[in-house]
Amino acid sequence: MGAGHAHKLYKDVRSPVHALPAHCKLAAVFCFVVLVVVTPREAVWAFGAYAVLLAAVAAVSRVPPRHLLTRMAIEVPFVAFAVLLPLVAEGERVTVLGVSLSESGLWGAWNVLAKGTLGVAASVLLASTTGLNALLLGLARLRMPPLLCQIATFMVRYADVISEEMRRMRTARVSRGFEARGPRHWAVLAKSAGSLFIRSYERGERVHLAMLSRGYTGTMPPALGDGPAARAQWARSAALPLAALAICVTGWTL
Amino acid sequence: MDSVNRAAYPADGAAVPSLEVRGLAYAYPDGHQALFGVDLTVERGRRVALLGPNGAGKTTLVLHLNGILTPGAGSVTVAGLPATRANLAEIRRRVGIVFQDPDDQLFMPTVREDVAFGPAAAGLRGAQLQERVEEALERVGMAEHAHRAPHHLSFGQRRRVAVATVLASRPEILVLDEPSSNLDPAARRELADLLGALDVTVLMVTHDLPYALQLCPRSVVLGDGVLVADGTTQELLSDAELMRAHRLELPFGFDPRSVTAPVA
Amino acid sequence: MHVPDGFIDAPVSAGTGVLAAVAVAASLRGARRELGGGLGEAGERTAPLAGLVAAFIFAVQMLNFPVAAGTSGHLLGGALAAILVGPCTGVLCVSVVLLLQGVLFADGGLTALGTNITDMGVVTVLVAYGLFRALLRVLPRRRSAVTVASFVAALVSVPAAAVAFTALYALGGTTDVSLGKVFAAMVGVHVLIGVGEAVITAATVGAVVAVRPDLVYAARDRLSVRLELRPSPLAPADEPTTAAPHEQESASAKAPSRRSARSLWLAGLAVTVVCAGGLSFYASASPDGLEKVAADNGIDEKAEDHAAEDSPLADYGVGDIANARLSGGLAGVIGAGATLAVGSGVFVVLRRRRRGVDGSASTEAQQPADVSTER
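Residue numbers (the UniProt record's numbering), protein chains in the order written: chain A, 1 to 254; chain B, 1 to 264; chain C, 1 to 375.
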């Protein structure tokens, strides 16, 4: 988390995956992740198969593997947590290399690791192949409430502006010789956060005024984006979740 | 577009001023009173500069012009139509405000969507909307940037797009809040050329005095929430005592009498 | 704590998804009231203001607060949002941030979105707001009261989210770690985080109150304006007069109703304070081994950036823990946490109903259109 949010995941290359409409991709990724989550953890091979599926999509998308792998680092804290599970979980214990581990804890760790990693990989792939505005439009097309879409749109539009203001405030602090080094300096940082809030809120009010001035009455005019997805695009997007469905069903029956 | 309000127009529309402000007073919710009774009339087709130091109440006055702030006392009338709750939508179409910070004004993901916002909110769709957007962007010379995101434009470009967003609604009066602020000299001149060529009523809020002299034959000075002077821009700028009393300062070496000012 | 996919099982994830959807839907309606629809067109302020506040929360989460020796934490912002912009807008903002973090940054699983919103959005915001309002009722009407109330509200809101997480884990956890351990680790860690959150939230709210008290949603009470007219040198001279004020101070009118509500608030506050006290007492009284889990394991947000480098996972040994005592106390404390949440909820509802009854006397309900608009 934290600073990781600053860099953009989107990788601007041309590929069949990039060309798909955002709402198709969103739906596909969501279905895929749901299927992964409901797969029994004992079907170890199934998770390998899911990983192969994702790798195939990644290959088609032409996003460099390095780009994907570094962005997946967001998962690290949960890896740490998973490593801990076999040590603290209940149930029968097995001894590996002289350490007493819980068997169910090992399964639990595997479960969290496998499903979490696949979920993160799928999301990273989605975000790497879909631009910000396209994603927002996709959410709107998937019937997210319009007001929520507007809020999200404004957040995306102004996140950079506000982060920039925050950086300028930091520069101003540092220029005057202030370097936050511990809880003693929290008060100063909190004052910055306070004035950042005031600036954000006042900007919100000014944006609102600008909107009102141009006749805003609570609804946004319809987006000027592309039309609904063609059947072929849906079909292509469905390839991933359908393959996953086959794996999931096999995982349950075997 | 405004069949409902046609009655508001007297038969000889030209005689009705674009803007009429009477006895306007206002205090902010934090208790700070910004306006203490302002009277101002702007005739149709004229360009007027509203001068005054920071904190004189200029922005507050501007926000009353399209009904964003409701007068504590007094009234605002735009081309004969009083700015009341019932008329808000039409008042806002008639009064196009270009705010000081283009980042506030340009809130949509792309330039095209932003320019389309006003006319679309007024109900325009399809080819008509498209045409309006192109026309407005053409007038400010930004047509080739329609697909870009506002934050990828230069500051001067953003200011011009901001003007286009307002022009797209074909306003009766264009209100500009500090149009020349933060512009480099070239962008400042380009904007002046652009504004000088427009055939709409303009109220320009500024403390860039040469800019006011260049564009506006008439000026009014707002000081401590009331109008304290009203006359030709050249006269007012030449009145050293008035300028000093209201913290209005000409750039070093600038003599307003030496310039050929535009005539009203 | 951004829960990833596969951490909570599918049925419970679906359940929290529904819960989150309901909460967000309700908040969408509530936010319009909180942000004040300008000029009669209801809800029109919601999108830009909530969007900008969400952007603020997003940005402020990137603002790192150094803790010690190279580690740093950051604000979660649920309590802050609740206090500054109100509970509904707070839920909306945090939810939008979580949604976009999930979709744009792969932070938090897509199937766990409901869990994350319920836990970090709904629970934190409701607990913080309920507690904050209750405290304001009983504390003296001074600016410092706002700071104190923010501190306590933020302090309790974070462990409350941990309690909620534990409850979700009890329902749909995919690993059979004993509830006692999860609870102890979660609450222990989050009490520590809560202290940081509390200090920073209180200082931030304090900074806002000092400059723009009208922007602190819960403290926008006393604002009255008398207009004065000054003569213009251009106009025929007039004596300065006083125009009809746009809004009359109504504090005196609503004093009686406030007093009658006061005892109710006091009682409610007693309940919440007991819960809060119970929580922190419990956490501080937990055995040493738990403290170790709390301090070193990687499940908390503050530690997560550094967990990998800083905690020597290799020499990790967790001794056996007095589980009997733990699980004994567990039920009681979960109950207390639940009461806290429900209590806050009841207060919000009661308050709203009361406002509905004598709506004309309540300033918040009748914010005139222009009053909330700024320069």
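If you're looking for bench data, these hints aren't it; they were derived computationally from the structure.
In this text, all values refer to a predicted model and were calculated from it rather than measured experimentally.
Treat each hint with caution, since some may be false.
[Unchecked claim] One-sided and incomplete, this derived list gives chain B residues near chain A with beta-carbon spacing under 7 Å:
hint : residue
1    : Phe107
2    : Pro109
3    : Phe117
4    : Phe254
5    : Asp255
6    : Ser258
[As the list claims (entries may be wrong)] From the derived model, a few chain B residues whose C-beta atoms are all more than 12 Å from chain A:
hint : residue
7    : Arg92
8    : Arg125
9    : Pro150
10   : Asn182
11   : Gln214
Where a beta carbon is used, it is the ideal one built from N, C-alpha and C, also for glycine.
Violating hint indices (sorted, rising) = Checked against the structure, the hints that fail are numbers 4, 5, 6, 7, 8 and 9, while the rest are satisfied.
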